[in-house]
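**Student:** With these hints in hand, go ahead and build the complete structure from the sequences.
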Amino acid sequence: KSWVTSGPVADYVVVFMPTQPEDGHRGVTAFLVDASTPGYVRGKKEPKLGIRASATSELIFEDCRIPAANRLGE
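Under the working numbering, think of the first position of the sequence shown as 18, with each following residue one higher.
Simulated restraints, written as ranges between beta carbons of each label pair:
#, residue 1, residue 2, range
1, 67, 37, 37 to 45 Å
2, 66, 37, 35 to 43 Å
3, 90, 65, 31 to 39 Å
The calculated DSS-like cross-link candidates involving lysine-lysine, where the alpha carbons are at most 25 Å apart (straight line), are:
#, residue 1, residue 2
4, 62, 18
5, 61, 18
6, 65, 18
Quick caveat, the hints were computed from the structure, so don't treat them as lab data.
The beta-carbon is built from N, C-alpha and C at its ideal position, and this holds for glycine as well.
**Tutor:** Structure (structure tokens):
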């Protein structure tokens, strides 16, 4: 994911991902991801022309496994 506001400084992020793609938009689930999760990597901080008070970066999920217990909602 690119251009994530507060990405380089967040301890947790909320990620929406398809868990049942055949259900279209109803097959998307939200998960709370701890920044210390193996496979979760903060990318480089993006240089910006304005709004420099908010750090922005890419987030990389490489073989990152999120437990079902981190699912938000039902």
